[in-house]
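Chains as they are written, first to last, in numbering that gives the first Met the number 0: chain A, 0 to 122; chain B, 0 to 239.
In short, the hints are calculated from the structure, not lab data. No experiment lies behind these values; they were computed from the predicted model shown. It is possible that part of the hints are untrue.
To be verified - Below, a list of computed lysine to aspartate or glutamate pairs in the DMTMM-like style, where the Cα atoms sit at most 25 Å apart:
(1) Lys133/B x Glu80/B
(2) Lys106/A x Asp25/B
(3) Lys96/A x Asp176/B
(4) Lys106/A x Glu80/B
The residues making up each chain are set out below.
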Amino acid sequence: MEMRIQIIAVTLSLLVILLVVSLIRRRKLREEYSLVWLAGGVVLLVFSLWRDLLDIIARALGVYYAPAVLLLVTIFFGGLSFLHFSVVISAHAEQNKNMAQEIALLKEKVRRLTEKNSPPVDS
Amino acid sequence: MSPGSATLCIIVPAFNESANIRPVIDDIRSHQSAAEVVVVNDCSTDDTGALALAAGVTVLGLPFNLGIGGAVQTGLKYALETGTDLTVQFDGDGQHLAEEINALLIPLQSDDADVVIGSRFGGRDSYTPPFLRKLGINLLKYTNRMLTGRTIADNTSGFRAYNRKALAFLADSYPQDYPEPQAVVELLKNGFRVVEVPVRMRERSGGLSSIGMLASVYYMIKVLLSNFIASSRRPVRKKD
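Chain B with its partners taken away, still in its complex shape (with noise of 0.2 Å):
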């Protein structure tokens, strides 16, 4: 496929981001203009739902609240629908930044991956975590290498981008609670090519992690818990 001609969907899921859902959605016009942005509203509390919808953009609105890995595959289902080729999730708190989707999209263009993670590692202004989150980070990261014989640095990342092959997979099937580590492990499990691409991030502006600390714990016991099992199980595809 040329670069120009593929069409692209990007899938942003939000959750109570009315504060940030406008510049997010404007953030990725103006480098994206083509593309048709998706926003995913988990059963926000707030006004995200009307924001999205009055920027005019294509709003899923779920009924109840699913959680990050629900209201991901929720977009994915629906980009598989309308038969785009290339996939973009990209956060709505706007942590990520739209001038860095091209950089994603360039090996699933030349066809050297199924699925770009863009990493906060690697890069000019590589990311250092504080010292906990980089110890969970670290644990992600050999754990999966463990277990996939591949090292992704960023597991956790959230910007990633699909080629139809890997929307297809994914659409079918999503993990759920905390999915990103989990996701990478089922794609190399299941003969994806998945590559980073260093990318820079914004620091959340809220200062505090999302995360708080008895909850890192159970998220850890429960990423390293459902890895090891998604690695277990037998690959579902192989049909190239």
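Chain A extracted, bound-state conformation (with noise of 0.2 Å):
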């Protein structure tokens, strides 16, 4: 019964590692926001492997129901990966609009340029 759990519980870890690494391969994730990924996977199959390691940290924490040092390390972590996802939009924004705006200049740019070079004929 609890190996047929841990079975499925390190399968699982290793799912997320591959699939991971997997995306990184065909590149669809870039290495520096696949880190936070790799490493959850990484503590799933630890906890997996070594199922006494939840009770010792819930023990050492004076927590009674060990699964909840799971839940609450997810949520912790969750939350703080969107946070993450935050930082790295605003990011982004802030590269989006500097390009518009340099996009802008040199549309006006090219246009008197084109204009100085290729003159309306007045017929």
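Two chains, two separate frames, one set of hints: put the complex together.
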């Protein structure tokens, strides 16, 4: 009984890690954003392999119901990831804005150059 | 610098102002014929850009809508590149009067200020805003005074003039969503001399404010937050 759930847990953890690695290999995920997911997969794997770890941590923290620790950690890292994404999006918004402004300046320069090089023909 | 020889760049941010842009350009030209007028077309869905182009002014067309902060900053970046001495920021909706531009330039030309804000308050026909707006304007006035130690009566006015030093600073970093009050805080925190000059402004012809009730609450919260944070930042400059 206990063995079965452990096998499932280990398999799932490995799948998460494999999925992340495969996403990086196919260039769907950049390395810089993959670290947090890889770390998550590794943590899952460690917990599935070393089942007593959860109990040890729970006891050290004074938590009676060990799985609550898992939940807490998950929520904490989930929240942290969202914050990280907001930071990334903000950086992109700033770059996007700068790029739009640069385009506007360049468009005007191009318009002037084209006008200078090919003056409108008056018949 | 002597008043006549300074070059002047007038930045006009415009979003869907096809009804106003031509009169605004003509107004500016009739009072500041030597100035370069730069219309920043914030990806209007009407023919604001074409009308400005047809009027023969410089038009900076943004590929997508950035909002007033991003649009103004585009103009500031352009002005900085052209090497202009003085820069004026002038709304494209017709609420500012070109005849008042000279009043904004005087403190810059005498080097008594780096930034001049055209204020709706303190003048002869001073503006009396409706109650809630007055509340918001005063809240900004007092929090900004608390944060910077200086009193600026009209923090939301978008009628402003800059010398080259202030232009370089703002072109590099200009606040985005509701930029005017935060720009004041950042300028003061960075040691720029900000002066207010009373000017007359046209009442908005539409009658309604551009911001609705719920948006006003969001506006105030957002602006207050940005101002508090902006004032907690370390000055980036200080090399006089």
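The hints, checked one at a time:
Restraint check for lysine 133/B and glutamate 80/B: the C-alpha separation of about 38 Å exceeds 25 Å, so the hint is violated. Of the supplied pair hints, the one linking lysine 106/A and aspartate 25/B holds, its CA atoms being roughly 24 Å apart against a limit of 25 Å. For the given pair, lysine 96/A sits about 12 Å from aspartate 176/B by alpha-carbon distance, which is consistent with the 25 Å threshold. Proximity of lysine 106/A to glutamate 80/B is assessed by CA-CA distance (about 14 Å); at most 25 Å being required, the pair is judged to hold.
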